[in-house]
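Q: From first to last, the protein sequence lines are chains A and D.
Just add 11 to the spot in the first sequence (first one is 1) and you have this note's numbering.
Just add 11 to the spot in the second sequence (first one is 1) and you have this note's numbering.
Don't read these hints as lab results, they were simulated from the structure.
Among these hints, one or two may not hold up.
No copy is singled out in the list; a pair is fine if it fits within one copy or between any two copies.
[Said to hold, decoys possible] Distance condition first, Cα-Cα at most 25 Å in a straight line; then the derived SDA-like pairs of lysine to any residue:
1) Lys275 to Thr48
2) Lys275 to Asp116
3) Lys149 to Arg163
4) Lys352 to Arg294
5) Lys275 to Ala54
6) Lys275 to Asp192
7) Lys275 to Pro53
8) Lys275 to Tyr49
9) Lys352 to Asp90
10) Lys149 to Ala160
2 protein chains.
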Amino acid sequence: MRETLADWRPAIDEAIADLVPREIDADYLESFFGAPTYEYDPAGIQHALSTPLWDLLDRGGKRWRAVLFLVFVDGFGADPAEYLPYACIPEILHNGTIIVDDVEDEATIRRGEPALHRIYGRDIALNAGNAMYFLPLKILTQDPADLPADRRLAAYEMLMHELNRTHLGQGMDICWHNERDVRIGTEEYLEMCACKTGCLGRIVARLAAIITDQPPEVERAVAEYAELTAVAFQIGDDILDVENSLGRAGEFGKEFGNDIREGKKTLLVIHALQESDAEQAQRLQEILQADTTADDEVLEALAILEDVGSIEYARERALDLAAEARAAIADLDFDDETAWKLDEFTEFVIERDE
Amino acid sequence: MRETLADWRPAIDEAIADLVPREIDADYLESFFGAPTYEYDPAGIQHALSTPLWDLLDRGGKRWRAVLFLVFVDGFGADPAEYLPYACIPEILHNGTIIVDDVEDEATIRRGEPALHRIYGRDIALNAGNAMYFLPLKILTQDPADLPADRRLAAYEMLMHELNRTHLGQGMDICWHNERDVRIGTEEYLEMCACKTGCLGRIVARLAAIITDQPPEVERAVAEYAELTAVAFQIGDDILDVENSLGRAGEFGKEFGNDIREGKKTLLVIHALQESDAEQAQRLQEILQADTTADDEVLEALAILEDVGSIEYARERALDLAAEARAAIADLDFDDETAWKLDEFTEFVIERDE
Numbered sequence: 012m013r014e015t016l017a018d019w020r021p022a023i024d025e026a027i028a029d030l031v032p033r034e035i036d037a038d039y040l041e042s043f044f045g046a047p048t049y050e051y052d053p054a055g056i057q058h059a060l061s062t063p064l065w066d067l068l069d070r071g072g073k074r075w076r077a078v079l080f081l082v083f084v085d086g087f088g089a090d091p092a093e094y095l096p097y098a099c100i101p102e103i104l105h106n107g108t109i110i111v112d113d114v115e116d117e118a119t120i121r122r123g124e125p126a127l128h129r130i131y132g133r134d135i136a137l138n139a140g141n142a143m144y145f146l147p148l149k150i151l152t153q154d155p156a157d158l159p160a161d162r163r164l165a166a167y168e169m170l171m172h173e174l175n176r177t178h179l180g181q182g183m184d185i186c187w188h189n190e191r192d193v194r195i196g197t198e199e200y201l202e203m204c205a206c207k208t209g210c211l212g213r214i215v216a217r218l219a220a221i222i223t224d225q226p227p228e229v230e231r232a233v234a235e236y237a238e239l240t241a242v243a244f245q246i247g248d249d250i251l252d253v254e255n256s257l258g259r260a261g262e263f264g265k266e267f268g269n270d271i272r273e274g275k276k277t278l279l280v281i282h283a284l285q286e287s288d289a290e291q292a293q294r295l296q297e298i299l300q301a302d303t304t305a306d307d308e309v310l311e312a313l314a315i316l317e318d319v320g321s322i323e324y325a326r327e328r329a330l331d332l333a334a335e336a337r338a339a340i341a342d343l344d345f346d347d348e349t350a351w352k353l354d355e356f357t358e359f360v361i362e363r364d365e
Numbered sequence: 012m013r014e015t016l017a018d019w020r021p022a023i024d025e026a027i028a029d030l031v032p033r034e035i036d037a038d039y040l041e042s043f044f045g046a047p048t049y050e051y052d053p054a055g056i057q058h059a060l061s062t063p064l065w066d067l068l069d070r071g072g073k074r075w076r077a078v079l080f081l082v083f084v085d086g087f088g089a090d091p092a093e094y095l096p097y098a099c100i101p102e103i104l105h106n107g108t109i110i111v112d113d114v115e116d117e118a119t120i121r122r123g124e125p126a127l128h129r130i131y132g133r134d135i136a137l138n139a140g141n142a143m144y145f146l147p148l149k150i151l152t153q154d155p156a157d158l159p160a161d162r163r164l165a166a167y168e169m170l171m172h173e174l175n176r177t178h179l180g181q182g183m184d185i186c187w188h189n190e191r192d193v194r195i196g197t198e199e200y201l202e203m204c205a206c207k208t209g210c211l212g213r214i215v216a217r218l219a220a221i222i223t224d225q226p227p228e229v230e231r232a233v234a235e236y237a238e239l240t241a242v243a244f245q246i247g248d249d250i251l252d253v254e255n256s257l258g259r260a261g262e263f264g265k266e267f268g269n270d271i272r273e274g275k276k277t278l279l280v281i282h283a284l285q286e287s288d289a290e291q292a293q294r295l296q297e298i299l300q301a302d303t304t305a306d307d308e309v310l311e312a313l314a315i316l317e318d319v320g321s322i323e324y325a326r327e328r329a330l331d332l333a334a335e336a337r338a339a340i341a342d343l344d345f346d347d348e349t350a351w352k353l354d355e356f357t358e359f360v361i362e363r364d365e
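Okay, chain A solo, but in the shape it has when bound:
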């Protein structure tokens, strides 16, 4: 069982289609949701659930949460094919959060096409996104791998813990976004990443550990690996935006200075405000708070970030996090190929250029 990432995608999509078919009929509804008391409306459910879900999935996405889950399962010596339905859990949860986040952020574009709420309406998109929080959790009840009760309970308790923390992280992020001043420091920022992005990573790792019955210290180690990698990924995102902006300073295109124009409180910005002198800090805040930002103001903000060493600082922290992630699982008995894949993954999240 040594497939590469891309090889798994069709099987993952098939497993998702077993959970939510592309075409909804009364038989599916009855088997998944139970017999109706009166009568279901399959056409309505098609429109409210299956169509938006598959629209989003068909736009792409690497399904890497499902793949990472399968890499762990494989590394734990179990057969990934047997646990394919469980791989859908973090994948569908993730896509659900995307839909909801886009409503919250009033995003216009998602994966190169209009955000779902711009196509189906806010109500349908939101309900579909929320439904995707609960649809995959039913896999544990259906229990295709015939897991013993204690593992299913452990999985539910783990999921409730992590999904609570996800909303904590999203709450902090939204709150800071709505505040004019930058009130928080780098450690609060990293905690937000650990909660918001890290928890879905932790779900991937812990679910693989729980369903294959690993001891608690192994579950903790892979959870730490996944959280650290996710936080590094988030910082990588922040760096990428600044680097793209610096690289494209001559073009002033749409991609130029996105985060600064949005006034986003990234790790780089928070660091710069902490480390710069009073005058620079004042100016950076002004630019971030402005409703519209001219290209030369973006350049000015970027210059402050460079001057204070915030790009270097962020890169160092991301590299440290990736190293910590590798160290977290160094003592586990993974085979060489799994260990190599997991190492590779921590490098990819920082070195990617898109």
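Following the hints, put chain D in place on chain A, whose structure we already have.
A: Only chain D this time, still in chain A's reference frame:
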């Protein structure tokens, strides 16, 4: 333990405050969400979670889901006080759905004040509402009543089942609302009610049965009672709107013809379209589909509903449902007072006048 409904409210609110305190601090965050990897932002969580949650709860609400849960627990011979934290589960879930529904419907008013998203912004309101889907589910993990593992697992599996059906019901409702024509019949409408409103009722009843370890047939019976009562309640809502409109025909106030102006596909409307002649049906559809509706058009629609006997039909169905609800639990060994309370409840949902 023979308190009336109102007597329980302070204790329920105290139990909710144990789960989400009015004032958030780092100690609470650590005890509920676990130690942070870096550092929490209590002020941010206060604003993102506790403030909107308590704003909504402090506006009122009878907490009847929590109370009904306690009535069941009492009726099953257990001590309600011991299970107070579990009573918060359906109550917080319900209030979470209110916040999310208001975003989906773009509602302006909730419990006499601006809808939460109009005060805190759509992003904060939505995230708080979604957090309220997962916060209460952690009570089962905290397990204050020291339940055995099999009951906790049964509770999680039940909750996942019912919360999936809730989103199915909401999906159908939104979908029909967005459609111009009335495509569905009375049985699909009742199914939507059974899913959307009934499932939260089922959660109340089944949770009480599960945590007090009732046999499956008792759990099924109280679930049926709760679902039927909830559907009757929903129909009661539809009737109330029409009756208020007829009663206030002289005033033409804000409350006059709400459902008709919104083009709501109520049981009465669906019945009228099925039973009326082609001309009446055509006219009713026109009035429902209009973007603005004059008072005399509302009166015309109401006259069609009256003429076809739709009000009588809806009342008959609601009364039948309430009778079915009482019959569902008639064979259970409840004490007289519990039996009386549960009977009373099925009558209240139809006879109320607000």
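Q: Next step is simple, just say for each hint if it's right about the structure.
A: Hint check:
1. Taking CA atoms no more than 25 Å apart as the test, Lys275 paired with Thr48 passes between copies only; the shortest distance there is 22 Å, against 49 Å inside one copy.
2. In this homomeric assembly, Lys275 and Asp116 come within 25 Å of each other (Cα to Cα) only inside a single copy, at 12 Å, whereas the closest approach across copies is 29 Å.
3. For the identical chains of this complex, Lys149 and Arg163 are neighbours both inside a copy (11 Å) and across copies (15 Å), given an alpha-carbon limit of 25 Å.
4. In this homomeric assembly, Lys352 and Arg294 never come within 25 Å of each other (Cα to Cα): the closest approach is 44 Å inside a single copy and 66 Å across copies.
5. In this homomeric assembly, Lys275 and Ala54 come within 25 Å of each other (Cα to Cα) only across copies, at 19 Å, whereas the closest approach inside a single copy is 41 Å.
6. With identical chains, the CA atoms of Lys275 and Asp192 are at most 25 Å apart within one copy only, with a shortest distance of 11 Å there and 44 Å across copies.
7. In this homomeric assembly, Lys275 and Pro53 come within 25 Å of each other (Cα to Cα) only across copies, at 20 Å, whereas the closest approach inside a single copy is 42 Å.
8. Taking identical chains as interchangeable, the C-alpha atoms of Lys275 and Tyr49 lie at most 25 Å apart only when they sit on different chains, with a minimum of 20 Å there against 49 Å within one chain.
9. In this assembly of identical chains, Lys352 and Asp90 lie within 25 Å of each other by CA distance solely inside one copy; the values are 17 Å within and 54 Å between copies.
10. Taking the shortest Cα distances, Lys149 and Ala160 sit within 25 Å of each other both inside one copy (14 Å) and across copies (18 Å).
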